[in-house]
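Take the sequences, apply the hints, and build the full model.
What follows is each chain in one-letter form.
Protein chains: 2
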Amino acid sequence: MINEFYKKMLDGKSVIRTLSEKAVKRGQEIGYENVFDFSLGNPSVPVPQKFTDILGKLIANPDSMYIHGYSQSQGIPEVRAALAKQLNERFGMDYTAEHLFMTSGAAGAIAHALRAVTVKGDTVITFAPFFPEYHPYVDNAGRHLKVVPPDTERFQINTDEFEKALTEDVKAVLINSPNNPSGTVYSTETIKTLTDMMREAEKKYGHEIFLISDEPYREIIFEGTDSPYITKYYDNSLSCYSYSKSLSIPGERIGYIAVNPNCKDADILSVMCGQISRGLGHNCPAALFQRAVAEAGVLTSDLSVYETNMNLLYNELTALGFNIVKPGGTFYMFPQSPEPDAVEFCMKAFDRHDLVLVPADSFGCPGYFRIAYCVETEKVERSLDAFRKLMKG
Amino acid sequence: MINEFYKKMLDGKSVIRTLSEKAVKRGQEIGYENVFDFSLGNPSVPVPQKFTDILGKLIANPDSMYIHGYSQSQGIPEVRAALAKQLNERFGMDYTAEHLFMTSGAAGAIAHALRAVTVKGDTVITFAPFFPEYHPYVDNAGRHLKVVPPDTERFQINTDEFEKALTEDVKAVLINSPNNPSGTVYSTETIKTLTDMMREAEKKYGHEIFLISDEPYREIIFEGTDSPYITKYYDNSLSCYSYSKSLSIPGERIGYIAVNPNCKDADILSVMCGQISRGLGHNCPAALFQRAVAEAGVLTSDLSVYETNMNLLYNELTALGFNIVKPGGTFYMFPQSPEPDAVEFCMKAFDRHDLVLVPADSFGCPGYFRIAYCVETEKVERSLDAFRKLMKG
Numbered sequence: 000m001i002n003e004f005y006k007k008m009l010d011g012k013s014v015i016r017t018l019s020e021k022a023v024k025r026g027q028e029i030g031y032e033n034v035f036d037f038s039l040g041n042p043s044v045p046v047p048q049k050f051t052d053i054l055g056k057l058i059a060n061p062d063s064m065y066i067h068g069y070s071q072s073q074g075i076p077e078v079r080a081a082l083a084k085q086l087n088e089r090f091g092m093d094y095t096a097e098h099l100f101m102t103s104g105a106a107g108a109i110a111h112a113l114r115a116v117t118v119k120g121d122t123v124i125t126f127a128p129f130f131p132e133y134h135p136y137v138d139n140a141g142r143h144l145k146v147v148p149p150d151t152e153r154f155q156i157n158t159d160e161f162e163k164a165l166t167e168d169v170k171a172v173l174i175n176s177p178n179n180p181s182g183t184v185y186s187t188e189t190i191k192t193l194t195d196m197m198r199e200a201e202k203k204y205g206h207e208i209f210l211i212s213d214e215p216y217r218e219i220i221f222e223g224t225d226s227p228y229i230t231k232y233y234d235n236s237l238s239c240y241s242y243s244k245s246l247s248i249p250g251e252r253i254g255y256i257a258v259n260p261n262c263k264d265a266d267i268l269s270v271m272c273g274q275i276s277r278g279l280g281h282n283c284p285a286a287l288f289q290r291a292v293a294e295a296g297v298l299t300s301d302l303s304v305y306e307t308n309m310n311l312l313y314n315e316l317t318a319l320g321f322n323i324v325k326p327g328g329t330f331y332m333f334p335q336s337p338e339p340d341a342v343e344f345c346m347k348a349f350d351r352h353d354l355v356l357v358p359a360d361s362f363g364c365p366g367y368f369r370i371a372y373c374v375e376t377e378k379v380e381r382s383l384d385a386f387r388k389l390m391k392g
Numbered sequence: 000m001i002n003e004f005y006k007k008m009l010d011g012k013s014v015i016r017t018l019s020e021k022a023v024k025r026g027q028e029i030g031y032e033n034v035f036d037f038s039l040g041n042p043s044v045p046v047p048q049k050f051t052d053i054l055g056k057l058i059a060n061p062d063s064m065y066i067h068g069y070s071q072s073q074g075i076p077e078v079r080a081a082l083a084k085q086l087n088e089r090f091g092m093d094y095t096a097e098h099l100f101m102t103s104g105a106a107g108a109i110a111h112a113l114r115a116v117t118v119k120g121d122t123v124i125t126f127a128p129f130f131p132e133y134h135p136y137v138d139n140a141g142r143h144l145k146v147v148p149p150d151t152e153r154f155q156i157n158t159d160e161f162e163k164a165l166t167e168d169v170k171a172v173l174i175n176s177p178n179n180p181s182g183t184v185y186s187t188e189t190i191k192t193l194t195d196m197m198r199e200a201e202k203k204y205g206h207e208i209f210l211i212s213d214e215p216y217r218e219i220i221f222e223g224t225d226s227p228y229i230t231k232y233y234d235n236s237l238s239c240y241s242y243s244k245s246l247s248i249p250g251e252r253i254g255y256i257a258v259n260p261n262c263k264d265a266d267i268l269s270v271m272c273g274q275i276s277r278g279l280g281h282n283c284p285a286a287l288f289q290r291a292v293a294e295a296g297v298l299t300s301d302l303s304v305y306e307t308n309m310n311l312l313y314n315e316l317t318a319l320g321f322n323i324v325k326p327g328g329t330f331y332m333f334p335q336s337p338e339p340d341a342v343e344f345c346m347k348a349f350d351r352h353d354l355v356l357v358p359a360d361s362f363g364c365p366g367y368f369r370i371a372y373c374v375e376t377e378k379v380e381r382s383l384d385a386f387r388k389l390m391k392g
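First to last, the protein sequences are chains E and H. Residue numbers for the first sequence follow numbering that gives the first Met the number 0, so the first one is 0 and each next one is one higher. Residue numbers for the second sequence follow numbering that gives the first Met the number 0, so the first one is 0 and each next one is one higher.
No lab work stands behind these hints: they were computed from the structure. Computed from a prediction, not measured in an experiment: that's the story for all the values here. Possibly wrong hints are sitting among the right ones.
To spell it out: a stretch of chain E is covered by chain H in this simulated footprint if at least three of its residues, at any positions, have a beta carbon under 8 Å from a beta carbon of chain H; those stretches are [as the list claims (entries may be wrong)]:
| id | stretch |
| --- | --- |
| 1 | 34-44 |
| 2 | 169-178 |
In silico DSS-like links for lysine-lysine, alpha-carbon gap of 30 Å or less [unchecked claim]:
| id | chain 1 | residue 1 | chain 2 | residue 2 |
| --- | --- | --- | --- | --- |
| 3 | E | Lys-6 | H | Lys-119 |
| 4 | H | Lys-391 | H | Lys-347 |
| 5 | H | Lys-56 | E | Lys-56 |
| 6 | H | Lys-6 | E | Lys-119 |
The C-beta atom is built at its ideal place from N, Cα and C for all residues, glycine as well.
Structure representation (structure tokens):
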């Protein structure tokens, strides 16, 4: 029988997708350059030429089977060793190759991390606002996602609500900083409070509570922002990374899990993930991209455009009266809707001014909307007038 | 808590891996060129230069975000359309893009196909000898793998045993032809018999029984072998393909599912697979390789060396008295062990003559062993003497 569970998922089209499709359709009518499409978190700055050069060099290697041959399911050993070294130099960690597990982007990393440190029926906490894909990631693995209501003052963590949510059934906490959709970065103080509370709960309940830290926006940090290396503050932690945003290669699906060397069973979690892969059918990300990111090291695209866009929008929108927590990173901004119903507000913005904004109901934060400003700065500039008109009537 | 299920999987080291590790160790002692390592199914012929050229051209595209940007989870639409067209021209099918779903190799294809057309608790049939990874593929998806005993006469399908196995709980049949490990190719007659029996069972039980056809060796067919396009013979079928062997790129994890256009719910199975991906964390295979295989079309590595190797081994081994069904494709051969215990025989072959052969117990066929002759022909030639000595005692 066709699996009705997945068949039914087809009915639940996301608001983001609906809006994005409307935007494309409107683009066919008036030219896509005239649609201020802030709906998708798709990198807008080119892949660095150096990365392209690395790919070219790898492909030209006369030993084609070395380049394109099987990788271990944990990832290519030299690649894992290289990444461990890079992370140690940058963040003062003690990773070895055995703590690294190569994945198909952050989605693959979370899929494996979740299955490694929780079992079916366990509760996993996340904090609103949160990336809506956390629901299928957690639900389809047979775990239960518990969402802690937002701290709308600063979009850090609502500790009172976290305290209440941290019940005995919680076996993992999934966080995302720099955050999609709020654009805020959890401060050192936030991480210290969060991890102190988790350690206390571990003691109280007598079992581990793992911290799964989803960090695809780690490299997009704006001036003056405090951005701690999260897993440094908590032993039982797994850092999930993706190169999608830092190198503008989201289609290539390359990332990793870095298991904290002090984590419970740190020495076997990566090999365990290799076993998990056998059932999930990944095996490993593309070997070419494994080698390429290892060579790329700390190389990134020119990410400065995102900060330029952020400042343009933040200054204009706050001047217009929008209530916004200033983003510390990412390419997202998360204003409060001037009307209580953000869905209605976003529809109006689209219908009247060709502004494609995403209402945040599915991010666990009704009454807010997301602006994904990973678009050309020139378009951001032109959009400001549309925002002005929107606020004037 | 660390997931004990996956932790325990670590104890179950496969015989193939154990042998392969022994081979590498022995290689350090006497030089790897002197170890006749027939343990791994790793392509030994180079990637075709044309494919490397295609990769180079794609990478050089100035629109780097077009090349490396997000792909839909079903795969890039143009790529899926191109593959549908290629399959239609070659096999007289009526695929459209909507029937194609791009995957991380055949493993990814099977992971999605299984979840799309069965539910937890369902029984899935396969035929011995079979690829041992079918166990984690099926078991870890919460389905039950039922193995039909082998037809050791011809390594086609044991229809009497299949008849018995085809009970009401069976919802899918997973076949692999050209077959790993036997090297045989299911004939048109076999496929007709198999699919007739499945149709009858569908009628009898009043539910679909899907055929999942695992075809990574589709392009490695030897002279004179009858090799039908399997899904042509059965409507409720999904063809799972990988480019790992045909282009010698197993590390790049690229393949697809082609849903038979006459399959139940054919128009939605690919989008359903996109939903399945959200939980499994693949999303899609690397965009670069999607575009590259679409451009490559029917291009393959020079696969003729596998037939050369097969003939060398088959002629010598049958002359030495081995009982072997002549392979029709792949790069495997599956002789009967001259001693009842194939494990003991293979250990002796390794200890005395540096021959690395894999006993077939884990392939569901005790008393046989697998030779993976995807090695240099020169090494095959040198190995013949070792086989001679082995048989002389």
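message: Would the hint linking H:Lys-6 and E:Lys-119 be met if the CA-CA limit is 30 Å?
response: 15 Å, holds
task: Take the C-alpha atoms of H:Lys-391 and H:Lys-347, compute the straight-line distance between them, and say whether it is at most 30 Å.
output: 13 Å, holds
query: Regarding the pair E:Lys-6 and H:Lys-119, is the alpha-carbon distance no greater than 30 Å?
result: 15 Å, holds
- request: Report holds or violated for chain H covering the stretch 34-44 of chain E, Cβ cut-off 8 Å, minimum 3 residues.
  value: It holds, with 3 qualifying residues against the three required.
message: Using a Cβ cutoff of 8 Å, are there at least 3 residues of the stretch 169-178 of chain E near chain H, or does the coverage claim fail?
response: violated (count 1)
- prompt: Is H:Lys-56 close enough to E:Lys-56, meaning Cα to Cα at most 30 Å?
  reply: With Cα atoms ~13 Å apart, H:Lys-56 and E:Lys-56 stay inside 30 Å; holds.
The structure fails to meet hint 2 from the earlier list, while all remaining hints are met.
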